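J.: Given the coordinates of chain A, assemble chain B onto it according to the supplied hints.
Chains A and B, in that order, are what the protein sequence lines are.
In this text, residue positions in the first sequence follow my numbering: the first is 19, and each later residue adds one.
In this text, residue positions in the second sequence follow my numbering: the first is 216, and each later residue adds one.
Be aware that one or more of the hints could be misleading.
Quick look at which bits of chain A chain B covers, simulated, 3 or more residues with Cβ under 8 Å [claimed, not checked]:
#1 138–145
#2 177–185
#3 231–243
Chain A is faced by these chain B residues, among others (derived, beta-carbon under 10 Å) [what the hints assert, rightly or not]:
#4 Ser266
#5 His270
#6 Pro464
Hints were generated in silico from the structure; no laboratory data involved.
The structure presented is a predicted model; accordingly, all values stated were derived computationally and were not measured.
We treat Cβ as the ideally placed atom computed from N, Cα and C, and that holds for glycine.
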Amino acid sequence: MGVRKLNCRTGDMPYGGAQGILLRARARGVMCHHQPDGPSRENMKSATDSDQRSPRPPADANPRSDAVLDFPAREYGELKAADYETLGFLAGLEVHQQLLTRSKLFCRCPAGRRAGDYDAEVLRHMRPTLSELGEYDGTALMEFKTRKEIVYQLSRRTVCTYEMDDTPPFEIDQEAVRVALEIALQLDLNLVSELHVMRKQYLDGSIPTGFQRTAMVGLTGSIPFRVPELGVDRELRIRQLSLEEDSCREIADVGHRITFRTDRLGVPLTETVTEPDLLTPLELQAAGRLLARVAQATGKVRRGPGAARQDVNVSVAGGRRVEIKGVDNHRGLPLLVHNEAFRQLNLLRMRAELRRRGVTSAMLVLPEKGVPWEVSPLVIDASGVLDDCDFAPIRDAFAREETVCAVRIPGFGGLLSRRTQPGVTFAREFADRVRVVACPEHRPFMIHSDIQDYGLDPRQWRSLRKRLGATIGDGMVVVWGREQDAATAVREVLIRAQDALQGVPAETRQAFRDGTNGFERILPGPDRMYPDTDTPPLPIPDSVVAEIRSQAGETPWQRERRYEQLGLSLTAARRLAAAPWADLFDELGPTPGETARRLGSTLATRIPCHLRQGTLQSMPDPARLAPLVRAIEAGEIRPEAAGRIVDHLLRHAEVPVGQILSRYRVREGDPERLERAVAEVVGRAAGLRRQTSDSIMRWCMGELMRAFLGRVDPRMVSDLVARELATAATRGPHERDA
Amino acid sequence: MSATRNDKYKGYRGPCLDLMRRWNVTVWSEVKAATTRGEFSGLILPRSETSDDLHIVLKLGSGYNVGLRHDTIRSIEQTGYREAHYKIPEQEFPYDPRHPSVKLLGTGGTIASRLDYRTGAVIPAFSPGELYGSVPELAEICNLETEKLFGVFSENMGPEEYLVLAQKVGETIAAGYDGIVIGHGTDTMHHTAAALSFMVQDPPIPIVMVGSQRSSDRPSSDAAQNLINATWAAAHGPIAEVMVCMFGPTSDRYNLLHRGTRVRKMHSSYRSTFRTLGDIPLAMVERGTITPLKTDWSPRRQDRRVLLRPFFNERVTLTYYYPGMDPDVIDALVDRGYRGIVIAGTGLGHVNRKTYPALERARDAGVHVYMTLQTLWGFVQMQVYETGREILELGVVPLSNMLPEVAYIKLGWALGVYPDDPEAARKLMTTVIAGETTEREPHDGYLVLQGGVPEVQEFIERVWR
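Same shape as in the complex, but just chain A (with noise of 0.2 Å):
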């Protein structure tokens, strides 16, 4: 069975349409659910509903709640950091990053193993629960709206009985919680006593048990954050580091059934969350390099595709913290937190102009009960208008016996055409609720009235328009599938429209890879956290905390510290700690100044080189090396010898380190031969049809080096030759045909 990724992007017109590239497709939300299931959806009271009566927490929004609504429209990469000063950006970074354990968190199946094939399926569905403290979550109520049927594909290999939520967990794999606690020490925070496991409600079904189980490690810690390039020199605020198992992997979604694959299912990784406190986004990429290198410096995490991803948080003033999930590199993460606080100060903008037109949110209410296009005159059914529409995608909905219905939405005329991210109107931000929430099986399932020159034409709208009583200044959006998508569907239009009147909802989203993103769900709160009844609460103990604190490496900060003090440049010493040769370069102990100056250099040039041309398969013995090191330390052979000489002592391996020393090292009677052999390359320069006296001299000192490298100053060298060129030209040419 292939992998094929079924569901796209919506493009921007017609809506759904198979437009634009996923980064990951992802319709997330879920359902559980059978037959009768009618009274259901009405039953559960809607967290979601209630949001909207008590404002959500502070926390979510921006610090600042002016709005700078006349702010130009710009591209990334036009921006200085004082742009988005003004903007009020703010963003913050939640990193997932799987360890390297044995097996998975909590069953012995084998981490990292991943599986091509499978061998059998299993069906669910989910339901949402109560939280601890007796609440419904708003993203699972969504979710359940969506009444998915989720299929997992096992293969015996990577998963057991665990994974598919028939067999209790298994103690908690102790490796990675040691690893956790590594991390979180180098992060400096503030370790728990007690790991308490939790489940993290995700109904969307990317975990058969519909939760994640994770525990807090550490909270409120900060590390250095400097990068020089940036002018950023300060603490970057780390809010709490969990250990937790990752999801599995989306293979489709189509309409109301999505598959997983399960093999990544249960790996332990770490989520760090930091404070919102990266203000552009080129600071928010250096974050997000540097914790990847926190983590790697423990050499004990997974690397290569996925094995480390990332969710921002962003917002600007008078917006709201909304997540964009699942960036898998940091190119990407500017420009995609880019476009997202233009997004919302476009949504803001919206909101500006909806408040100015007098759109209040009881105008766009649905009663609560009942088929919509039966209870509200903001609803019709269009099938009388437009039964005989040309429009293949309906014409194809009524073929198939869909409902087709169209919704006003009081004061949104012209408003569903406006841009909110390059190349995406505000539209989009309908339609993906509708995608996401309703399902509808066929593509395209909406279209509105902005759209000029497509779909509809003119005298079907204004039938329309008669039809639902709506005036010029309100929008139309038609949206069409089983009667019972479409009704959710129309819920759904009139809900983002109320979300509108607040302006950027508190949403999760997700990544698409041309730096735009799109709705994935409502914003998961702190209620679908529930303790996980199946395991106990494991103490950590001061002494387990010594432990791992006297194992621990040092931190990438401590280490650039280290080099900085060795003589190296930041930028040296930070490339240096990140390297994989760092260790090789602290065995062979440089002394400070020159030599470990010049021994970090040559490292970096030299020994990726190796590796590419296969001269090297792994770092070298610090013994074919030392000698050298002592030997530039002691004045025996000059620094500048350095990268000829290990590219001669890894290229000859088979020869003795002396013998290739010998070559370079200083003797005795050297300034005299020099001086010999200075007369003598230059005496052969004049032979040459040389053009300038520039290439003369490149030539002279190319010949000379190639014999006294590692064994005089280059400096005297050039002097030498630049003499003696003198010289030779006042004598002419004549006299030295003589």
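T.: Just chain B, lined up with the frame of chain A:
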């Protein structure tokens, strides 16, 4: 200690209790704690009584719980108070005169549940309103009434409860309900199903036992589907027997209706743990459709006749034979006054020669001894080998293909019905009451597919979900 004081420090004792008193905080206090490991802010939660007395549990703003060790705490400052009220949204169960009426009898189990802070475990929520709040689909199936008989975990169900339950079932039938659903923990559901099969004979309506393998506090719980399908079978199903209604495959697809005397829990944690052994299940139930698989079931009737025989003699036991078994195991049972012993023997129904004298002594003491099989599938056939014939001569009565647990329940029941008439009890034991033995074992009554074998693999990939 007063209940309130107990409540204020729910689950805390020892050094943590002292600490909380010293800093004048209680459960549900919002606090800021300064510790040797830094500062922590959160809400003090009750502590599970089975956890140690060294840690205070804090719920952080993020929803995570963490434990703080008492001796790391330097000070605690109370910043607020927020008591949690955990409540399944309760709404009045709607009444529809067109729907059949179903009585749900609760014995415990986790059909709907909430968290118990005292034990950290999940405790059931049960009223029709609570059930409607969490499984609203039920209102489309029937008019539901509930009655909680016990609040015990499955392992604590026993003869005393069987009698109460049987009486209650009898009353419910008489009261005119169209079906009965019994919520039950899964561990011993098949014991109770067997007990009801003997104690409530020939009922006119379905009596459907149901539980869940994943508690209903989990999004992927099997509880809702089980309850929906069990309620459907009770309200609309044509089969009027004592049945167990649980997942067919592990996938959320359909349920199976198992005859109460042929069903057994076969896996500690799988959703599809209940299997009919030595036969096929009675029917499949899926989304309001009941598909009978067998034909020999008792149909629903309109009358209210039922034969109630709620009796049980607790001096019976089930002994699992093993090769090195010493005869004094059986002697001890006889000495302690047991009136009946069911042996789960090896193979076709065997025990070792060493136990013969003990079996003889048991017979002479008037103790009933019956033979069933550890193999679970197949028939006791003691005429095949000499061993079997010898054991028969010692007065051990073979019980055909009756499951060992069913035989234990039936023996307790039979000796309850006839405490002073061994012959009548023996006759009852070998008379089929509720399908507990069958004359024939169909070829597909024994199907334990062997994973890894290519043809099974192919079947699993194509069909099994």
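J.: Now, for every hint given, state plainly whether the structure supports it.
T.: We went through each hint and held it up to the structure:
no., hint, in the structure
1, 138–145, "holds (count 8)"
2, 177–185, "holds (count 5)"
3, 231–243, "holds (count 5)"
4, Ser266, "6 Å, holds"
5, His270, "5 Å, holds"
6, Pro464, "8 Å, holds"
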